[in-house]
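S.K.: The letter at position 27 of the sequence shown is residue 85 when you use this note's numbering, and the numbering goes up by one with no holes.
Don't read these hints as lab results, they were simulated from the structure. Some hints here could point you the wrong way.
As the list claims (entries may be wrong) - Taking lysine-lysine pairs in the DSS-like style, the calculated list, with each CA pair at most 30 Å apart, reads:
1) K80 - K164
2) K187 - K76
3) K187 - K60
Stated by the list, open to error - Label-pair ranges, simulated between beta-carbon atoms:
4) K164 - D268: 27 to 33 Å
5) D186 - V261: 19 to 25 Å
6) E247 - Q322: 22 to 28 Å
7) D102 - D186: 19 to 25 Å
No residue lacks a Cβ here, since even glycine has one placed at the ideal position from N, Cα and C.
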Amino acid sequence: MKIRGFSSNMYGWFERWKADGKEPVWDDLYRACAEAGLDAVETDAAPERLALVRAYGLTVSASYIGLQLHGEYAELEEEVLPYAERLAIAGGTDLLVNADPYGGWKQPLPKPEVLVQRQGDNLSRLADKLRSFGLQLSLHNHAADRHNAEADLRSVVQYADPAVGLCVDTGWAHVAGCDPVAWIREYPERVKAFHLRNQRGRVPTEDLTDGEIDMVSVLKAAAEGGYGGWLALELWHPPETGAVRSMIEDVRRSIAYLREITSQTSKNTK
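Construct all of the structure, not just a fragment, from the sequences and the given hints.
M.R.: Structure representation (C-alpha cells):
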C-alpha cells in the first residue's frame, strides 16, 4: 500500500492543548506535529499558517470545513472558494467538507430525503467548481447516529457526481453504529481520504492501537481498493478517554502502528 504520507486533523491537538492548560498557539501546535513524525497537517492554508507549517518541514495535505450542505448552494460556494484558493496555492490536494446536521449540532434531527438529495446536488456543483483548482472534494462523515450517518453517505453514493469522494472517519462511523470497513469495501472508488481514530463504544481511545475498530481490516480494505492518498489521524482525548501520554507520544505510537500495517499489507497484496 503506497500512501502520500501521514497527516493529522488539528481539532484533537487544539482540544488536548486546552485540556493540558496550555494556550493552543499555531506555532506550538505545528511544531508538535513535526516532532510527532507527521508529514503534513490539515489546516486552512492562510499565508501566516502556511509559513509556519513549512518552517517545521510540514506540508498542507487538506483543508477541512463544516458547512450546511443541505442549504442554498450560492452561500456554500461563497464560503468554500477562499479556502480552495489558499489550499491550491499551498499545493494541497483535498478539500474535506463536513455536513452540518439538520436541526443544528445541539439537537440534530433526521435529515429529510429531499435535503439529502439537495446535499448531493450541492456537493456535485462544488466538486465541479473545484476542478479548476485541481482539488479533490470529499464528504467527511461526522453524524453520531445511524440515520444521519447513512443519509450523509447516501448523499454522495446515490445523489452526487462520481467526482465527489468520501473521507471515511472511522471513529464517527463506529459511534453511529456503522462499519467503516464495509463502507470502504462497498465504495472503493469513492474513498479519497481518511480520518483515523479508534473507539470503545462512544469513547475515543488514546491511540490507534487500542479499541474496537480493527485498523488492520480498515487498511487492508483500503489497499485492496487501490487507495493511495494520505492517512490522516484524528486522535481526540476528551476527559472520558483518560489519556496518560502526551499527544505527541500517541501520534508517534499511531504512526508506527500504521507503518507496520501498511508494510505488511504491501507484502500481502503484491
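S.K.: Next step is simple, just say for each hint if it's right about the structure.
M.R.: Taking the hints in turn, this is what the structure says about them:
For the given pair, K80 sits about 27 Å from K164 by alpha-carbon distance, which is consistent with the 30 Å threshold. With a C-alpha separation of about 37 Å, the suggested pair K187 and K76 falls outside the 30 Å cut-off, and the hint is violated. Between the alpha carbons of K187 and K60 the distance comes to roughly 29 Å, so the proposed pair stays at or under 30 Å and holds. A hinted range of 27 to 33 Å holds for the C-beta pair K164 and D268, which are about 30 Å apart.
The beta-carbon spacing between D186 and V261, approximately 39 Å, falls outside the hinted interval of 19 to 25 Å. The hinted range of 22 to 28 Å is satisfied by E247 and Q322, whose Cβ atoms lie roughly 24 Å apart. Checking the proposed 19 to 25 Å range against D102 and D186 shows it holds: the Cβ atoms sit about 22 Å from each other.
The structure shown violates the earlier hints numbered 2, 5.
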